[in-house]
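Chains as they are written, first to last, in the UniProt record's numbering: chain A, 1 to 140; chain B, 1 to 143.
It is worth saying that the hints were derived from the structure and are not from the lab.
Each hint should be verified, as a subset may be incorrect.
[Said to hold, decoys possible] Here are a few chain B residues that face chain A, going by a calculated C-beta distance under 10 Å:
id : residue
1  : Gly-82
2  : Thr-88
3  : Ile-115
[Unchecked claim] Take a look, some chain A residues computed to stay more than 10 Å from chain B by CB distance:
id : residue
4  : Thr-23
5  : Val-113
6  : Leu-127
No experiment lies behind these values; they were computed from the predicted model shown.
C-beta atoms are modelled at their ideal positions from N, C-alpha and C, and glycine is treated no differently.
Listed here are the chains, written in short residue letters.
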Amino acid sequence: MPETSAGTLTTPEKPAKQKPGGTLYRGHEGMWSWVLHRITGVAIFFFLLVHILDTALVRVSPEAYNAVIGAYQTPIMGLGEVALVGAIVFHAFNGLRIILVDFWAWATRHQKVLFWVVIALWVVTMLAFTPRHLINVFSH
Amino acid sequence: MTAIEFPGEPRRRGSNLEKWGWIYMRASGVVLLVLIFGHLFMNLMVGDGIQAIDFGFVGGKWADPFWQWWDVLMLWLALIHGANGMRTLVNDYTNPGTVQKVLKGALFAAAAVLIILGTLVVFTFEPCPAGAPADLLPSFCAA
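Bound conformation, chain B alone (with noise of 0.2 Å):
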């Protein structure tokens, strides 16, 4: 854990956005296993598991701000992490560059436009919406 101190080198000062980053790695990480592996399991493995997915199914988990919460958590942190290991990769196979930088642009604005797009579809979402026939919505919506 101790980082090895080469003599002479200056004492760094101030805040090091890299070891943020390597934090940000481990953090996440642990959260994220919880929340994939019970999205996973509350998905693939109850019920009829795959097959129970539809939009009615996914009207009534969000009726439940339990599992709005859920996914959004995951949502941002799975795409910082991701988006952060795929800047580490970019690091290692390219040179510093032009290349370089259309890379991680293309990767923070990806990582960008998901993670609001996400929010507001979790959010503002409707499961109700009029006009829809009644057999692919939620049950609660006949009420």
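Isolated chain A, as found in the complex (with noise of 0.2 Å):
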């Protein structure tokens, strides 16, 4: 911000690369661990719904609920299944990270790092999960 006003007084010397806002937080862990979960939680709120819908058939018919789950078991909501595993599967350890980062002061210090570690677990538990699913999807 002074570097405007200065402006007059010396020569500015080349731009100094700045970071929007150039705070600690913009940009950094803490913002992205904060969009992925606002954007992982509303992707889940959607399916919530449309999934105690798909579920409520079980009242209507054997047949209505059996031609409306045929249609999760398709290649490409498989691939969606994958995605919204993917996002409940961050959103989980997200939160955990949120929870420790609100009540225990070592993680406040270390949110940052706290970050990568859901980044690591996430990709372990979607190693894990991934390939057993796309297997029962694609083998059928």
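Join these two chains into a complex; the hints should help.
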């Protein structure tokens, strides 16, 4: 901010490479975990609405339920389920990170490291889930 | 954890709903992690995973009160957690006024209707409906 006003007094140097906003938060781990938590949360919420309605079809007839659940067993939806589980797993692990940051001073100081711990746990969980699920989806 | 106290601000009396919402998100979140990971493991990882899910699969699961309560608890906790999270976004991205009221009303209505619907479905579920083809039903219906 002071750079612009000082421009007339000194020869402006090459403009310093500045991150937008220039804060500790913006563009860093804290912001991205917040963004991802919101996006995954909204996605999971809307899936939940649909999922309760499709499950409620068990009360209509076996045929109705099987017809709709059959749509979840197609290859396209199978890939969508990987995305859904990915969103849930991130939201779950990052939620634990938020709780730790809220209640534990060490975690508050190390929230950036904890973001990468969340990412690492997410990768491990998805490595366990994705092959197994895709084999189920594509081998039938 | 300690709230910043602003000098001169009157101390709040009585219950603070926003604080309980904040606590609810964290408490329900931890329980939901266990419930949903268990749900995903049982339905997608065990056996043939998603390919095994059909009416008979659901009937077999809900024959056990353990899974009925598992699913009902998941339903209540998740819908309230999700609707409250969406309320946060509505607060962040809309101004106070009619639109905000309508959005929050829609969230409340959706959560209430689906909680009632889902709970009724789990507890009034009929695993062996009369007249349905036997091959679509759980195996215990034949007995």
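Do the hints match the structure? See the list:
At its closest, the beta carbon of Gly-82/B sits 4 Å from a beta carbon of chain A; the interface hint therefore holds under the 10 Å criterion. The closest approach between the C-beta of Thr-88/B and any C-beta of chain A is roughly 9 Å, which is under the 10 Å cut-off, so the hint is satisfied. Against a cut-off of 10 Å between C-beta atoms, the interface hint on Ile-115/B holds, since the closest Cβ of chain A lies about 9 Å away. Remark: the non-interface label on Thr-23/A is consistent with the geometry, its nearest Cβ contact in chain B lying 18 Å away (cut-off 10 Å).
Annotated as non-interface, Val-113/A keeps its C-beta farther than 10 Å from every C-beta of chain B; the closest such distance is 20 Å. Every Cβ of chain B is farther than 10 Å from the Cβ of Leu-127/A; the closest lies at roughly 13 Å, confirming the non-interface assignment.
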